[in-house]
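Trainee: For reference, the chains in residue letters:
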Amino acid sequence: MNHRVGVLLGIAAVALLLLPQVASPTVLHLAVIVCFYAFLGQAWNILGGYAGQFSFGHAAFFGIGAYTSTLLYLHLGVSPWLGMLAAGVAGMAFGLVSGFLSFRYGLRGPYFALVMLAFAEMLRIVAENWGAVGGSVGVLVPLLGSAPLQFQFASKRSFYYIILALLAGATLLVWRIGRSRLGYYLLAIRENEEAAEALGVNAFRYKMAAMAISAFLTAMGGTFYAQYLLYIDPEITFGTTVSIEILLRPVIGGAGTVFGPILGSLVLTPFSEIAKSLFRGFIGVHLMIFGAILVAVIIFLPQGIMGLLDSLWRRYGGGGGAR
Amino acid sequence: MSEVLLHTEGLTRRFGGLLAIDHVDLEARQGEVLGLIGPNGAGKTTLFNLIAGTHEPSAGSIVFRGESLVGLAPHEVCKRGLTRTFQITKPFQHLTVLDNVMVGAFNVTRHPAEARARAQETLAFCGLEARADRAAGTLSVPERKRLELARALATAPKLLLLDEVMAGLNPREHDTMIALIGQIRERGISLLVIEHAMKVIMSISQRIVVIHHGQKIAEGSPREISSDARVIEAYLGEEYRIA
Numbered sequence: 001m002n003h004r005v006g007v008l009l010g011i012a013a014v015a016l017l018l019l020p021q022v023a024s025p026t027v028l029h030l031a032v033i034v035c036f037y038a039f040l041g042q043a044w045n046i047l048g049g050y051a052g053q054f055s056f057g058h059a060a061f062f063g064i065g066a067y068t069s070t071l072l073y074l075h076l077g078v079s080p081w082l083g084m085l086a087a088g089v090a091g092m093a094f095g096l097v098s099g100f101l102s103f104r105y106g107l108r109g110p111y112f113a114l115v116m117l118a119f120a121e122m123l124r125i126v127a128e129n130w131g132a133v134g135g136s137v138g139v140l141v142p143l144l145g146s147a148p149l150q151f152q153f154a155s156k157r158s159f160y161y162i163i164l165a166l167l168a169g170a171t172l173l174v175w176r177i178g179r180s181r182l183g184y185y186l187l188a189i190r191e192n193e194e195a196a197e198a199l200g201v202n203a204f205r206y207k208m209a210a211m212a213i214s215a216f217l218t219a220m221g222g223t224f225y226a227q228y229l230l231y232i233d234p235e236i237t238f239g240t241t242v243s244i245e246i247l248l249r250p251v252i253g254g255a256g257t258v259f260g261p262i263l264g265s266l267v268l269t270p271f272s273e274i275a276k277s278l279f280r281g282f283i284g285v286h287l288m289i290f291g292a293i294l295v296a297v298i299i300f301l302p303q304g305i306m307g308l309l310d311s312l313w314r315r316y317g318g319g320g321g322a323r
Numbered sequence: 324m325s326e327v328l329l330h331t332e333g334l335t336r337r338f339g340g341l342l343a344i345d346h347v348d349l350e351a352r353q354g355e356v357l358g359l360i361g362p363n364g365a366g367k368t369t370l371f372n373l374i375a376g377t378h379e380p381s382a383g384s385i386v387f388r389g390e391s392l393v394g395l396a397p398h399e400v401c402k403r404g405l406t407r408t409f410q411i412t413k414p415f416q417h418l419t420v421l422d423n424v425m426v427g428a429f430n431v432t433r434h435p436a437e438a439r440a441r442a443q444e445t446l447a448f449c450g451l452e453a454r455a456d457r458a459a460g461t462l463s464v465p466e467r468k469r470l471e472l473a474r475a476l477a478t479a480p481k482l483l484l485l486d487e488v489m490a491g492l493n494p495r496e497h498d499t500m501i502a503l504i505g506q507i508r509e510r511g512i513s514l515l516v517i518e519h520a521m522k523v524i525m526s527i528s529q530r531i532v533v534i535h536h537g538q539k540i541a542e543g544s545p546r547e548i549s550s551d552a553r554v555i556e557a558y559l560g561e562e563y564r565i566a
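Chains A and B, in that order, give the protein sequences. As numbered in the numbering used here, the first sequence has no gaps in its residue numbers, which increase by one up to the final residue, 323. As numbered in the numbering used here, the second sequence has no gaps in its residue numbers, which increase by one up to the final residue, 566.
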């Protein structure tokens, strides 16, 4: 990473920190949502982008996270701050179980994607039919007003800083993974698992590691969502739509790159919010548009926006790529 | 006679009714290039797959440096100092050539800086340093073969299994590769080499094992092999005379 990139990152950081001073509540809400999906995308990126295990069921971890912290708070009075850690652990545990079942039996590509989808759907159906966790009606988190210790805030500003910090942490983590042996091994597994194995890479172990980290972070995102909305139900946490929303941004921005999920969210999230309000009353129209965008990106930009920037950089900027 | 590195006894592999490898005894010694030849479909690559842990043997033993390899996964075999290349090259397409080799080098160290240094050194050794920053998917066939070799070398093997690294190369590139294999051997790395190009295998191997229909039909020096009646009949053809 050269100095120019460092300076740009510095400017971006200051701008992001000052944003709440100037932004209207609507813009601030949009910023929260952009960061939120970038964070989830970053979590997915570790497993789907770097390790190349295309999960179509990250809603499973997201929902587990949302339900874990919320139920812990409602029934045991555990602060959602602690609940967020418990959510991460619970999500990771489920990730390791589903990862073990998938990877141990050699499920790859579309088979892995479908199994993950099935896991998430399974959890959605369980949540819908299990009265003790609210059933299909969902769970309401009692509104406390301003209660920072209970992860509730009067203004969106605090939520913005929290999700910004989560996103920064996840991005830093992905950046460091990318430069470590783990990162090289994950990419090698993505590119050719058999060749990686022949070079001494324990593919099963490293895929499990990617799954654990990815699931942990995704579940933390679930807690944030529950506290931001103060309401969860099976469809908006475990639903297939959630899985698609999570993977869309990293895929469009550039899977397996540090900034792909952020770029993807910057481009797609405002667009999606606009589409949602334009087509109010036509639920799912924005998803149809997403589908069209996804098809276009996969055909014309298989490496995502980052791939496009990278080739532009090579052509006009000279020097090596901006991996 | 130098120390035995790899030793198989009664090595057998069935695929359903097909006896792909039939009681093969093999001995690869420290410091030598052992050639493995045989007609198409003789079972050479299957033998590699058994040794490297891709397939499990139906019967028989594989002992490498005093330790059994039977039941080990490919990455565990590599960790013990035995690395194989693939006949059909398997580059990590979207990674740079340097990153490809770093993956191999991480077998020796967990530190990226050390792995990078080791990878650069290995690339220079294999004559690929000019390609270090290119994506592996853009390499030509001869370069891919050398990348395959460089990646395997970077894992610091005691025994290197080469599966037809000459295939697809022209005679001039053959000579480069032969010289490279010689240099690898000088570094104290032993080799087990599958090769189709007869001139090549005759010139690089100290000993040659001939496989036919999954069985070992001959073993000996290149000179002995090229005058062995069974080998000539099975593989070399009536016309072949030693060059």
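To be clear, the hints were calculated from the coordinates, so they are not data collected in a lab. A hint or two may mislead.
Partial list, derived from the structure: chain A residues whose beta carbon lies under 7 Å from chain B [what the hints assert, rightly or not]:
no.: 1; residue: Ser24
no.: 2; residue: Ala188
no.: 3; residue: Glu191
Across the chosen pairs, the derived CB separations fall in these ranges [stated by the list, open to error]:
no.: 4; chain 1: B; residue 1: Gly505; chain 2: A; residue 2: Gly291; range: 21 to 29 Å
no.: 5; chain 1: B; residue 1: Glu350; chain 2: A; residue 2: Gly106; range: 42 to 50 Å
no.: 6; chain 1: B; residue 1: Glu452; chain 2: A; residue 2: Leu308; range: 24 to 32 Å
no.: 7; chain 1: B; residue 1: Arg457; chain 2: A; residue 2: Leu294; range: 43 to 51 Å
no.: 8; chain 1: A; residue 1: Tyr105; chain 2: B; residue 2: Asp498; range: 42 to 50 Å
no.: 9; chain 1: B; residue 1: Glu452; chain 2: A; residue 2: Arg314; range: 36 to 44 Å
no.: 10; chain 1: A; residue 1: Arg104; chain 2: B; residue 2: Arg510; range: 51 to 59 Å
no.: 11; chain 1: B; residue 1: Arg457; chain 2: A; residue 2: Leu144; range: 38 to 46 Å
no.: 12; chain 1: B; residue 1: Glu437; chain 2: A; residue 2: Gly169; range: 45 to 53 Å
no.: 13; chain 1: B; residue 1: Arg439; chain 2: A; residue 2: Gly169; range: 24 to 32 Å
no.: 14; chain 1: B; residue 1: Asp498; chain 2: A; residue 2: Arg179; range: 53 to 61 Å
For each residue, glycine too, the CB sits at the ideal point set by N, CA and C.
Trainee: A separate judgement is required for each hint: does it hold in the structure or not?
Mentor: Evaluated hints:
no., hint, verdict
1, Ser24, "violated (42 Å)"
2, Ala188, "holds (4 Å)"
3, Glu191, "holds (4 Å)"
4, B:Gly505 x A:Gly291: 21 to 29 Å, "violated (57 Å)"
5, B:Glu350 x A:Gly106: 42 to 50 Å, "violated (34 Å)"
6, B:Glu452 x A:Leu308: 24 to 32 Å, "holds (29 Å)"
7, B:Arg457 x A:Leu294: 43 to 51 Å, "violated (30 Å)"
8, A:Tyr105 x B:Asp498: 42 to 50 Å, "holds (47 Å)"
9, B:Glu452 x A:Arg314: 36 to 44 Å, "violated (20 Å)"
10, A:Arg104 x B:Arg510: 51 to 59 Å, "violated (38 Å)"
11, B:Arg457 x A:Leu144: 38 to 46 Å, "violated (58 Å)"
12, B:Glu437 x A:Gly169: 45 to 53 Å, "violated (28 Å)"
13, B:Arg439 x A:Gly169: 24 to 32 Å, "holds (27 Å)"
14, B:Asp498 x A:Arg179: 53 to 61 Å, "violated (39 Å)"
Of the numbered hints given earlier, the model fails hints 1, 4, 5, 7, 9, 10, 11, 12, 14; all others are met.
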